[in-house]
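Enquirer: Whenever a hint applies, use it, and build me the whole structure from the sequences.
Position 15 of the sequence shown, counted from 1, bears residue number 15 in this note's numbering, the numbering being contiguous throughout.
Treat the hints with care, as some may be off.
[Unchecked claim] 30 Å max Cα-Cα, derived DSS-like pairs, lysine-lysine:
#, residue 1, residue 2
1, K45, K23
2, K23, K2
3, K64, K53
4, K45, K2
5, K45, K18
6, K2, K18
[As the list claims (entries may be wrong)] Distance ranges between label pairs, derived from CB positions:
#, residue 1, residue 2, range
7, D11, P66, 57 to 63 Å
8, R80, L4, 41 to 47 Å
9, E81, E41, 24 to 30 Å
10, G8, R80, 29 to 35 Å
11, R58, K23, 41 to 47 Å
12, R7, P66, 55 to 61 Å
No wet-lab data here; the hints were simulated from the structure. For each residue, glycine too, the CB sits at the ideal point set by N, CA and C.
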Amino acid sequence: MKTLTIRGLPDEVHALLKSRAQKNRRSLNQEVISELSRVEEAQGKYERVTRLKAGAERVRQGVKGPLSREEISAGIREGRE
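Expert: See the structure below:
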């Protein structure tokens, strides 16, 4: 496991992290790890949503009009595979 030292942490940020740690019954170190993990998870979700939006836009550009029920059903089936 690695160790990280943070220098120059503003007092307000330290107080907020310490308060959250107490509220969540964690050490300050555990709270910082939890927050960093949440940021990493949020980044992954953002990247997935961005890819999905790009895919949806490509599909929209290829659609020439309203989809039929059959086309919608086929798309749903394809998405489940």
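Enquirer: All the hints need checking, so say for each whether the structure fits it.
Expert: We went through each hint and held it up to the structure:
1. K45 - K23: Holds, at roughly 26 Å.
2. K23 - K2: This hinted pair holds, its Cα atoms lying about 26 Å apart.
3. K64 - K53: holds, 19 Å
4. K45 - K2: holds, 25 Å
5. K45 - K18: The given pair, whose Cα atoms are some 27 Å apart, holds under the 30 Å limit.
6. K2 - K18: holds, 21 Å
7. D11 - P66: 57 to 63 Å: holds, 58 Å
8. R80 - L4: 41 to 47 Å: holds, 42 Å
9. E81 - E41: 24 to 30 Å: For E81 and E41 the Cβ distance comes to about 27 Å; the hint holds.
10. G8 - R80: 29 to 35 Å: violated, 50 Å
11. R58 - K23: 41 to 47 Å: Once the Cβ atoms are compared, 44 Å apart, the range 41 to 47 Å for K23 and R58 holds.
12. R7 - P66: 55 to 61 Å: About 59 Å separates the Cβ atoms of R7 and P66, which means 55 to 61 Å holds.
Figure legend: structure checked against the earlier numbered hints; the only hint not met is number 10.
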